[in-house]
Amino acid sequence: MPEAVVVGGGIGGLTAAIALRRIGWSVEVLEQAAELKEVGAGLSLATNAMRALDELGIGDRVREHAAFSQVTGNQRLPSGRYLRRFREGRDVPLAAFHRAELHRVLLGELPGDVIRTGRRVTAVPYADLVVAADGVHSTFRNLLWDAPQPRRRYTAWRGVAEGVEVEGSFTLGRGRYFMIHPLPGGRACWALGSRADGPEAVRTWHEPIPELLAATETVLRNEILDLGPLPSYVHGNVVLLGDAAHAVTPDLGQGACQAIEDAVTLAAALRDEPVPAALARYDRERLPRTRMIAHTARRKGETAVSPNPLVHGLVALTTRWLPEAAVRRSTARVWDWSPPRLS
Numbered sequence: 106m107p108e109a110v111v112v113g114g115g116i117g118g119l120t121a122a123i124a125l126r127r128i129g130w131s132v133e134v135l136e137q138a139a140e141l142k143e144v145g146a147g148l149s150l151a152t153n154a155m156r157a158l159d160e161l162g163i164g165d166r167v168r169e170h171a172a173f174s175q176v177t178g179n180q181r182l183p184s185g186r187y188l189r190r191f192r193e194g195r196d197v198p199l200a201a202f203h204r205a206e207l208h209r210v211l212l213g214e215l216p217g218d219v220i221r222t223g224r225r226v227t228a229v230p231y232a233d234l235v236v237a238a239d240g241v242h243s244t245f246r247n248l249l250w251d252a253p254q255p256r257r258r259y260t261a262w263r264g265v266a267e268g269v270e271v272e273g274s275f276t277l278g279r280g281r282y283f284m285i286h287p288l289p290g291g292r293a294c295w296a297l298g299s300r301a302d303g304p305e306a307v308r309t310w311h312e313p314i315p316e317l318l319a320a321t322e323t324v325l326r327n328e329i330l331d332l333g334p335l336p337s338y339v340h341g342n343v344v345l346l347g348d349a350a351h352a353v354t355p356d357l358g359q360g361a362c363q364a365i366e367d368a369v370t371l372a373a374a375l376r377d378e379p380v381p382a383a384l385a386r387y388d389r390e391r392l393p394r395t396r397m398i399a400h401t402a403r404r405k406g407e408t409a410v411s412p413n414p415l416v417h418g419l420v421a422l423t424t425r426w427l428p429e430a431a432v433r434r435s436t437a438r439v440w441d442w443s444p445p446r447l448s
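Position 77 (the sequence shown) corresponds to 182 in the working numbering; numbering is contiguous.
It is worth saying that the hints were derived from the structure and are not from the lab. It is possible that part of the hints are untrue.
What the hints assert, rightly or not - Okay, the calculated beta carbon distance ranges per label pair: (1) Arg446 with Glu267: 39 to 47 Å; (2) Arg433 with Arg396: 19 to 27 Å; (3) Gly217 with Trp426: 51 to 59 Å; (4) Ala139 with Asp441: 37 to 45 Å; (5) Tyr231 with Glu270: 25 to 33 Å.
Beta carbons: idealized from backbone N, C-alpha and C, even for Gly.
Take the sequences, apply the hints, and build the full model.
Right, dumping it as structure tokens:
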């Protein structure tokens, strides 16, 4: 039985371990944290990632922990005015989760002896395959690749509010945005993106934004980073996956989605071909797509947090009046991806 070591126990690493076990590999997951748990607030998965989880046979179990967010259609201004409203049949909802709950579902798909915590990996382990899913500050990317360092794009504040009932929405202000996803159990997660100003700058925006801020006990702050493109995600028998390969800003909601796509694409290639040929195929399939998504997300983020009133006005005007066919074309190349078959 071929053996793989997955370095990193986040969403991408766990999905890779599940996928590799589905095709008959022996897998060990090495995580440097003493306890395997996912921190953070909320995240969403679009249809492309959900199809990949369906191919793994776990999509329905994942959906049990999701709320469905209309953020894709509800676009607003700080006054509360809608630029667009969600419409069934036109707009596709996203599956929204607390990050920790999605992580627990994935962890539950793996036997306990697959995970090794407290393992800081500084050299390439011996195995038929090493999957480096160790995040935007990847040890392996820095060790084996002449790679650019992550670049700061803006700052995000995130939180989870308890005891609220909201619809998903995206509010575009000048120099900042505020995104809301409902979560199961009368909760909501939110994210504020800005070049400088924190939550105080949006407390006078439309409801339920002030209500959400008041109902949030812990606000997380982190710098939004992305990576410049690499010429390859493969070095010998080591392959980069997820943020280690192509960290992307959250402006398309595709960070976790692309890690999940990576995992299923990698497993499908390894099912069909020997490791060297499979990794070459992984590069061919993943490099163009992840570069496109990273570039598109970066440009969208730059406009969303631009303080330029002309940029803000143009984005608002485009959001309101862009024809539905054009909106559909812009999302189709991201969301309409279908996974390779594993069975």
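In rising order, the numbers of the hints this structure does not comply with
Number 5 - this is the single hint that the structure violates.
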